[in-house]
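Using the sequences plus the hints, can you model the full thing?
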Amino acid sequence: MRLMNHFPGRPGAVALAMLPFVLVLAAYAIGSDIRLTANPADKLLPAPGTIWDTAIRLFTEPDRRSQEILLWNDTFASLARLLGGVAISALIAMIIGMAIGILPYARSGLSGFVAVLSMVPPLALLPILFIVFGLGEVSKVVLIVIGITPFMTRDLSQRVLDIPREQFVKAQTLGASTWVVALNVVLPQLLPRLISNVRLSLGSAWLFLIAAEAVASNVGLGYRIFLVRRYLAMDVILTYVIWITLLAFVVDWLLKTISRKAFPWLEAGL
Amino acid sequence: MSFVEVSNVWQAYGDRSILERVNVAIEEGEFISIVGASGCGKSTFLRMLLAEETPTKGTIRIDGGEPAVEPNPERGVVFQRYSVFPHLTVRENLVAGEGFATFWGRLFGVQRRAAVERADEMLERIGLNHVADQFPASLSGGMQQRLAIGQALTAKPRVLLLDEPFGALDPGTRLRMHEFLQELRAETNMTVFMVTHDLEEGFKLGDRCLVFDKPRWDPHDPGRYGATITYDFDARNNGIPFQTTKETENVVHAATA
Numbered sequence: 313m314r315l316m317n318h319f320p321g322r323p324g325a326v327a328l329a330m331l332p333f334v335l336v337l338a339a340y341a342i343g344s345d346i347r348l349t350a351n352p353a354d355k356l357l358p359a360p361g362t363i364w365d366t367a368i369r370l371f372t373e374p375d376r377r378s379q380e381i382l383l384w385n386d387t388f389a390s391l392a393r394l395l396g397g398v399a400i401s402a403l404i405a406m407i408i409g410m411a412i413g414i415l416p417y418a419r420s421g422l423s424g425f426v427a428v429l430s431m432v433p434p435l436a437l438l439p440i441l442f443i444v445f446g447l448g449e450v451s452k453v454v455l456i457v458i459g460i461t462p463f464m465t466r467d468l469s470q471r472v473l474d475i476p477r478e479q480f481v482k483a484q485t486l487g488a489s490t491w492v493v494a495l496n497v498v499l500p501q502l503l504p505r506l507i508s509n510v511r512l513s514l515g516s517a518w519l520f521l522i523a524a525e526a527v528a529s530n531v532g533l534g535y536r537i538f539l540v541r542r543y544l545a546m547d548v549i550l551t552y553v554i555w556i557t558l559l560a561f562v563v564d565w566l567l568k569t570i571s572r573k574a575f576p577w578l579e580a581g582l
Numbered sequence: 075m076s077f078v079e080v081s082n083v084w085q086a087y088g089d090r091s092i093l094e095r096v097n098v099a100i101e102e103g104e105f106i107s108i109v110g111a112s113g114c115g116k117s118t119f120l121r122m123l124l125a126e127e128t129p130t131k132g133t134i135r136i137d138g139g140e141p142a143v144e145p146n147p148e149r150g151v152v153f154q155r156y157s158v159f160p161h162l163t164v165r166e167n168l169v170a171g172e173g174f175a176t177f178w179g180r181l182f183g184v185q186r187r188a189a190v191e192r193a194d195e196m197l198e199r200i201g202l203n204h205v206a207d208q209f210p211a212s213l214s215g216g217m218q219q220r221l222a223i224g225q226a227l228t229a230k231p232r233v234l235l236l237d238e239p240f241g242a243l244d245p246g247t248r249l250r251m252h253e254f255l256q257e258l259r260a261e262t263n264m265t266v267f268m269v270t271h272d273l274e275e276g277f278k279l280g281d282r283c284l285v286f287d288k289p290r291w292d293p294h295d296p297g298r299y300g301a302t303i304t305y306d307f308d309a310r311n312n313g314i315p316f317q318t319t320k321e322t323e324n325v326v327h328a329a330t331a
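Taken in sequence, the protein lines are chains A and B.
If you want our numbering, it's the position in the first sequence, counting the first as 1, plus 312.
If you want our numbering, it's the position in the second sequence, counting the first as 1, plus 74.
Calculated from the structure, these hints are not laboratory results.
Check each hint, because a few of them may be wrong.
[Claimed, not checked] If you want a taste of the chain B side facing chain A, the calculated C-beta under 7 angstroms gives, among others:
hint : residue
1    : V151
2    : F153
3    : S157
4    : H161
5    : F174
6    : A175
7    : G179
8    : F209
9    : A229
[What the hints assert, rightly or not] Here are some, though not all, of the chain B residues that point toward chain A, as calculated from beta-carbon distances under 8 angstroms:
hint : residue
10   : L124
11   : E126
12   : Y156
13   : F159
14   : P160
15   : A170
16   : G171
17   : R180
18   : A211
19   : A226
20   : P231
[What the hints assert, rightly or not] Stretch by stretch, here's where chain B covers chain A in the computed footprint (C-beta under 8 angstroms, at least three residues):
hint : stretch
21   : 479-492
22   : 495-508
23   : 568-579
Beta carbons are placed, not taken as given, at the ideal position from N, Cα and C, and that holds for glycine.
Shown next, in the form of structure tokens:
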């Protein structure tokens with residue numbers, strides 16, 4: 313039998329899914345052990361136990377000076393920026409994407425502009441944003457918005473164009489105005505696309521957030537990582553990296569679940 | 075004056091002629107089958123009846139009205155696929171047939187309840203009351219087409235346009251859909267245009283059968299001349315349609331062209 317026709321069983325599939333994680337962890341543990349035996353003061357690859365202890369400390373013990381738990385402060389600050397930026401982008405992308413998809417005039421006027429705009433490297437604009445919007449929250453949110461909106465808009469307008477022409481004609485024969493078509497035909501079918509679109513964009517959004525926080529901030533997950541880098545505090549950095557990964561995973565999972573619950577018609581055919 | 079009046083309609087995309095000199099008059103309540111080879115412009119003709127396209131020359135009038143420039147509720151349509159809204163349940167699809175004409179595209183309160191009641195009557199009539207709350211994707215092809223026809227009728231169109239409505243169905247389902255359509259027509263006596271590539275279906279269902287073809291053909295430039303109605307059969311006599319052609323009225327003969 314061909315290799316492409318071999319399928320793993322249920323337990324086999326679970327074990328295979330775990331395998332890469334186990335391998336990476338094991339490789340890290342071995343590497344860390346080798347370095348620590350050679351030099352117990354090595355800071356580059358702290359032992360998994362050390363990372364665990366650091367994580368407990370970071371999550372539970374308040375900072376000595378401010379009496380606040382910094383990790384939670386960082387988390388809330390970063391999530392607020394991230395979700396704010398993504399929400400604004402989604403709204404803008406939705407409105408412009410629908411306009412481009414539905415209205416030929418908007419398509420002629422905007423689609424080329426959006427395509428060019430999506431080629432601008434957002435990180436190159438970061439200095440401009442800091443100059444224009446200052447070093448506060450606005451510039452970080454704007455970086456996320458500038459970074460992901462053009463891509464989201466292009467994708468969503470394409471999704472509108474993917475809706476069969478028949479549906480637009482049918483809606484018109486039922487007396488629907490342009491507005492009713494947008495509201496009752498396009499919007500409901502675009503929302504699940506928007507969610508999968510947001511899921512795809514979150515990766516870039518995290519990238520822009522951490523970059524902006526690394527350059528200028530006083531709180532935030534990215535800021536903290538780049539701050540403790542000066543002390544070579546690998547245990548703190550790794551804790552934050554794992555924490556960010558976990559947050560990203562949970563947000564993604566939540567969006568996936570919402571999409572499945574909210575749009576039962578998507579799966580009706582399966 | 076006839077109910078649907080097609081006078082001297084031409085259609086071309088750029089240099090490519092699709093249709094030329096199409097003249098036909100349809101009485102109210104007639105069932106018109108439109109047949110022809112692929113690419114002979116029968117679907118283009120339907121799109122023009124639908125006012126999705128406007129002819130480059132000539133006019134199409136319904137009941138003496140102004141030629142339409144965009145699809146409107148006078149014309150109901152059922153396509154081969156994608157005619158129903160996938161995000162609405164079967165019942166909501168029928169309610170949308172009434173609701174889409176309002177400002178918000180949906181009905182509220184008393185109006186909505188009345189519309190739901192009428193939708194349920196329609197569901198009974200098209201035999202879909204047992205799947206009222208399901209989404210179209212979970213329905214079979216035949217059921218989806220019945221829903222699409224029901225939805226088109228809910229908006230009370232003056233003419234019903236069918237674009238190969240049964241083309242994607244298996245033969246058994248297709249026969250049942252024929253019966254369904256014939257019953258529905260006996261009840262409502264509406265004017266119907268049906269494009270089909272199945273001659274037998276065209277003669278079985280139609281009162282008249284229009285055949286589209288190119289009377290002129292330039293071997294060096296296939297897009298030069300358009301197609302037109304080359305035969306106009308009386309299809310009512312079920313199986314012996316050729317005895318009573320209406321060729322004298324609406325046909326451009328190859329010889330005279």
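Checked hints:
{"no.": "1", "hint": "V151", "verdict": "holds (5 angstroms)"}
{"no.": "2", "hint": "F153", "verdict": "holds (4 angstroms)"}
{"no.": "3", "hint": "S157", "verdict": "holds (5 angstroms)"}
{"no.": "4", "hint": "H161", "verdict": "holds (4 angstroms)"}
{"no.": "5", "hint": "F174", "verdict": "holds (4 angstroms)"}
{"no.": "6", "hint": "A175", "verdict": "holds (3 angstroms)"}
{"no.": "7", "hint": "G179", "verdict": "holds (4 angstroms)"}
{"no.": "8", "hint": "F209", "verdict": "holds (4 angstroms)"}
{"no.": "9", "hint": "A229", "verdict": "holds (5 angstroms)"}
{"no.": "10", "hint": "L124", "verdict": "holds (7 angstroms)"}
{"no.": "11", "hint": "E126", "verdict": "holds (6 angstroms)"}
{"no.": "12", "hint": "Y156", "verdict": "holds (4 angstroms)"}
{"no.": "13", "hint": "F159", "verdict": "holds (6 angstroms)"}
{"no.": "14", "hint": "P160", "verdict": "holds (6 angstroms)"}
{"no.": "15", "hint": "A170", "verdict": "holds (7 angstroms)"}
{"no.": "16", "hint": "G171", "verdict": "holds (5 angstroms)"}
{"no.": "17", "hint": "R180", "verdict": "holds (7 angstroms)"}
{"no.": "18", "hint": "A211", "verdict": "holds (3 angstroms)"}
{"no.": "19", "hint": "A226", "verdict": "holds (7 angstroms)"}
{"no.": "20", "hint": "P231", "verdict": "holds (7 angstroms)"}
{"no.": "21", "hint": "479-492", "verdict": "holds (count 12)"}
{"no.": "22", "hint": "495-508", "verdict": "holds (count 5)"}
{"no.": "23", "hint": "568-579", "verdict": "holds (count 3)"}
When each numbered hint is compared with the structure, no violation occurs for any of them.
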